[in-house]
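Participant: Protein chains in written order, with our numbering: chain G, 1 to 203; chain Y, 1 to 203.
Do not take every clue at face value.
[Said to hold, decoys possible] Cut-off 20 angstroms, straight-line C-alpha distance, at most; resulting in silico cross-link-like pairs (PhoX-like, lysine-lysine):
hint	chain 1	residue 1	chain 2	residue 2
1	G	Lys138	G	Lys164
2	Y	Lys42	G	Lys6
3	G	Lys138	G	Lys162
4	G	Lys42	Y	Lys6
5	G	Lys42	Y	Lys42
6	Y	Lys36	Y	Lys24
No lab work stands behind these hints: they were computed from the structure.
Number of protein chains: 2
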Amino acid sequence: MNFSSKLLEQAVEAFASLPGIGKKSALRLVLHLVNKENIDVKNFAQALLTLKENIRECNTCHNLSDQELCTICEDRHRKQEMVCVVESIRDVMAIENTGQYRGVYHVLGGVIKPIDGIGPDQLNIDSLIRRIDQKQVKEIVMAISPTIEGETTTFYISKQLKDKNINISTIARGVAFGGELQYADELTLGRSIVARTPYNISE
Amino acid sequence: MNFSSKLLEQAVEAFASLPGIGKKSALRLVLHLVNKENIDVKNFAQALLTLKENIRECNTCHNLSDQELCTICEDRHRKQEMVCVVESIRDVMAIENTGQYRGVYHVLGGVIKPIDGIGPDQLNIDSLIRRIDQKQVKEIVMAISPTIEGETTTFYISKQLKDKNINISTIARGVAFGGELQYADELTLGRSIVARTPYNISE
Numbered sequence: 001m002n003f004s005s006k007l008l009e010q011a012v013e014a015f016a017s018l019p020g021i022g023k024k025s026a027l028r029l030v031l032h033l034v035n036k037e038n039i040d041v042k043n044f045a046q047a048l049l050t051l052k053e054n055i056r057e058c059n060t061c062h063n064l065s066d067q068e069l070c071t072i073c074e075d076r077h078r079k080q081e082m083v084c085v086v087e088s089i090r091d092v093m094a095i096e097n098t099g100q101y102r103g104v105y106h107v108l109g110g111v112i113k114p115i116d117g118i119g120p121d122q123l124n125i126d127s128l129i130r131r132i133d134q135k136q137v138k139e140i141v142m143a144i145s146p147t148i149e150g151e152t153t154t155f156y157i158s159k160q161l162k163d164k165n166i167n168i169s170t171i172a173r174g175v176a177f178g179g180e181l182q183y184a185d186e187l188t189l190g191r192s193i194v195a196r197t198p199y200n201i202s203e
Numbered sequence: 001m002n003f004s005s006k007l008l009e010q011a012v013e014a015f016a017s018l019p020g021i022g023k024k025s026a027l028r029l030v031l032h033l034v035n036k037e038n039i040d041v042k043n044f045a046q047a048l049l050t051l052k053e054n055i056r057e058c059n060t061c062h063n064l065s066d067q068e069l070c071t072i073c074e075d076r077h078r079k080q081e082m083v084c085v086v087e088s089i090r091d092v093m094a095i096e097n098t099g100q101y102r103g104v105y106h107v108l109g110g111v112i113k114p115i116d117g118i119g120p121d122q123l124n125i126d127s128l129i130r131r132i133d134q135k136q137v138k139e140i141v142m143a144i145s146p147t148i149e150g151e152t153t154t155f156y157i158s159k160q161l162k163d164k165n166i167n168i169s170t171i172a173r174g175v176a177f178g179g180e181l182q183y184a185d186e187l188t189l190g191r192s193i194v195a196r197t198p199y200n201i202s203e
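With the hints as constraints, model all of the structure from the sequences given.
Facilitator: Next up, the structure:
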């Protein structure tokens, strides 16, 4: 791309370095900002700088947080004895958006993936075990993606927790709502038949 | 979307205010920046601030520029007597990318569109006429989109320049390279037959 301005080129390259944004999209975004008020662009840049300088991991659950404890861990109305184990903070958000969960979380920071050199030591598993020992955790809900690596991670953690006196569950797997049976994969459909649940008319 | 961090929410909202970026994409971009080095995020923010503070319109052609004159107007190897009139700086870039044009530009800043309240006075038409009077412009190439508004603008400007001793041309319209005739619209195909060009075997 030919730029008549070095400054424009630098800004476009900055945007184009973000994932999923090509040069043409980057140019569109930069031209949008050029046409905005000065104060809007300052606020935009400031929001990023403030975020980067002040954001940290929650001491307890490794979720992103502004303080030592994230708002979820701090919330005394939530069941602190129920911990949902997830891969990433995006999963925390996805579950929070459902509005169906009132416990707290523990973010692993990934799944066990030997091919990428990620073993149990690279994940926040030790801190999960310490947390279970120190705080009165009664139930662990494993909400990890049902991939091979995810299942391995769920299995590994469950094994570590075997001797502790807590309930371990995994989120239900089965055909998705709104999905058509004929398009469900065989493994999911097979499991959903094996793990069929009683049907209550009153529900 | 539920955020456990106010800072994260602000940064996501900043990105989501850009055109074509929704909340989910914004979150992906922000998490990417959170995982980057501090210096990278600073450079990103700084590129935007520097751009916004220092970018200006070229005094001559209204292209975006770092100095009083843009690099195209400053380039003495380009034909300063040949001016290509375009709607926006994106069109300048598109034409520059072809590598086929060695003249200079004049950016109108839009087209005449009475329905949006954009008349000739809102566009850089006066400065084009002054430029033609003051500098020895010999040829004007009208490169404006072939829409109704674009054609109106081309017509209006051509009429203003009628009495001046300059050649006015428009870029060629016709079926696009790589396009199939059966899918070309009737107007384009009809015009391309009327405006047929001699076929030289030596070409």
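Participant: Okay, which hints does this one fail, numbers in order?
Facilitator: none
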